[in-house]
Amino acid sequence: MKLHPLKLVTIVVEAVLDTRLRQDLLRLGAKGFTCTKADGEGSRGMRTDDLAGKNLRFETVVSDAVAERILTHLAEQYFPNYAVVAYVQDVSVVRGDKYV
Amino acid sequence: MKLHPLKLVTIVVEAVLDTRLRQDLLRLGAKGFTCTKADGEGSRGMRTDDLAGKNLRFETVVSDAVAERILTHLAEQYFPNYAVVAYVQDVSVVRGDKYV
Amino acid sequence: MKLHPLKLVTIVVEAVLDTRLRQDLLRLGAKGFTCTKADGEGSRGMRTDDLAGKNLRFETVVSDAVAERILTHLAEQYFPNYAVVAYVQDVSVVRGDKYV
Numbered sequence: 080m081k082l083h084p085l086k087l088v089t090i091v092v093e094a095v096l097d098t099r100l101r102q103d104l105l106r107l108g109a110k111g112f113t114c115t116k117a118d119g120e121g122s123r124g125m126r127t128d129d130l131a132g133k134n135l136r137f138e139t140v141v142s143d144a145v146a147e148r149i150l151t152h153l154a155e156q157y158f159p160n161y162a163v164v165a166y167v168q169d170v171s172v173v174r175g176d177k178y179v
Numbered sequence: 080m081k082l083h084p085l086k087l088v089t090i091v092v093e094a095v096l097d098t099r100l101r102q103d104l105l106r107l108g109a110k111g112f113t114c115t116k117a118d119g120e121g122s123r124g125m126r127t128d129d130l131a132g133k134n135l136r137f138e139t140v141v142s143d144a145v146a147e148r149i150l151t152h153l154a155e156q157y158f159p160n161y162a163v164v165a166y167v168q169d170v171s172v173v174r175g176d177k178y179v
Numbered sequence: 080m081k082l083h084p085l086k087l088v089t090i091v092v093e094a095v096l097d098t099r100l101r102q103d104l105l106r107l108g109a110k111g112f113t114c115t116k117a118d119g120e121g122s123r124g125m126r127t128d129d130l131a132g133k134n135l136r137f138e139t140v141v142s143d144a145v146a147e148r149i150l151t152h153l154a155e156q157y158f159p160n161y162a163v164v165a166y167v168q169d170v171s172v173v174r175g176d177k178y179v
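Protein chains in written order, with my numbering: chain A, 80 to 179; chain B, 80 to 179; chain C, 80 to 179.
Next comes chain A alone, as it looks inside the complex (with noise of 0.2 Å):
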């Protein structure tokens, strides 16, 4: 079984940002991604466990390039005024040309 090595970055964030995280990813060169619905307790101090699903966890596996591209954005128009987590990793996967 020959496996790519690609990136995995995933991101959490508010369900206000739903739509306009989905169209940037894909702008930025995402070919998909996989969102589940989420909740969570984070730096702001925000408890958010009796608004089930209120984040969302969106990952996507791209090239290491666009996995750049997609955390600087993230930096630049996001962390200033959401909450906003966000994390890559190296994944091994199966058909890598479909990501890229």
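Any given hint could be a false lead.
All copies of an identical chain are treated as equivalent in the list; a pair is satisfied when it fits inside any one copy or across any two copies.
Stated by the list, open to error - Computed cross-link-like contacts, DSS-like style, restricted to lysine-lysine with a CA-CA straight-line distance of at most 30 Å:
id, residue 1, residue 2
1, K110, K133
2, K116, K81
3, K177, K81
None of these hints come from the bench; they were simulated from the model.
Given the structure of chain A, go ahead and fit chains B and C onto it with the hints provided.
For chains B and C alone, kept in the frame of chain A given last:
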């Protein structure tokens, strides 16, 4: 805390594959899995965010050999016919004997 | 884009442990966490997919020291009595000071 190096396999499939994938994972050697409802947008251009929860995100912690077996099976049996995302990562787990 | 190396700890527990685990994570040094509803099948042979959302999947980005503390606590206090999956991974995060 002694940790054990294993593989985390993550698979996102259409919900119609739910029962089949659960059976396949266990048959191929996974000792368990976690499943969450998801939606997404993928390389088939299929927009599913208006159909919340139409995808399922499975993850399972397994040995290298079982990870290889699962990915090979997906590539042969699922990828030709379905929109599937599958990737593998290194993880360190507590109580590694549970997973192998 | 400057990224910071941290640990991602993922924990899957029965929903009955929700409040207890949230409190433990924060007390042990996590600055936040993300929680999603999940189901699964595990090493106890317990089939829960007919009880959708009976498990919870927590993830938290923390320092090495806090990851160690969380895993040790789980091993001592949760594993003897509950079906728990816990694993740790390397992640690179934007704005690392939020998490430590």
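Taking the hints in turn, this is what the structure says about them:
no. : hint           : verdict
1   : K110 with K133 : both (25 Å within a copy, 18 Å between copies)
2   : K116 with K81  : between (32 Å within a copy, 28 Å between copies)
3   : K177 with K81  : both (14 Å within a copy, 27 Å between copies)
Of the hints listed earlier, there is not a single one the structure fails to meet.
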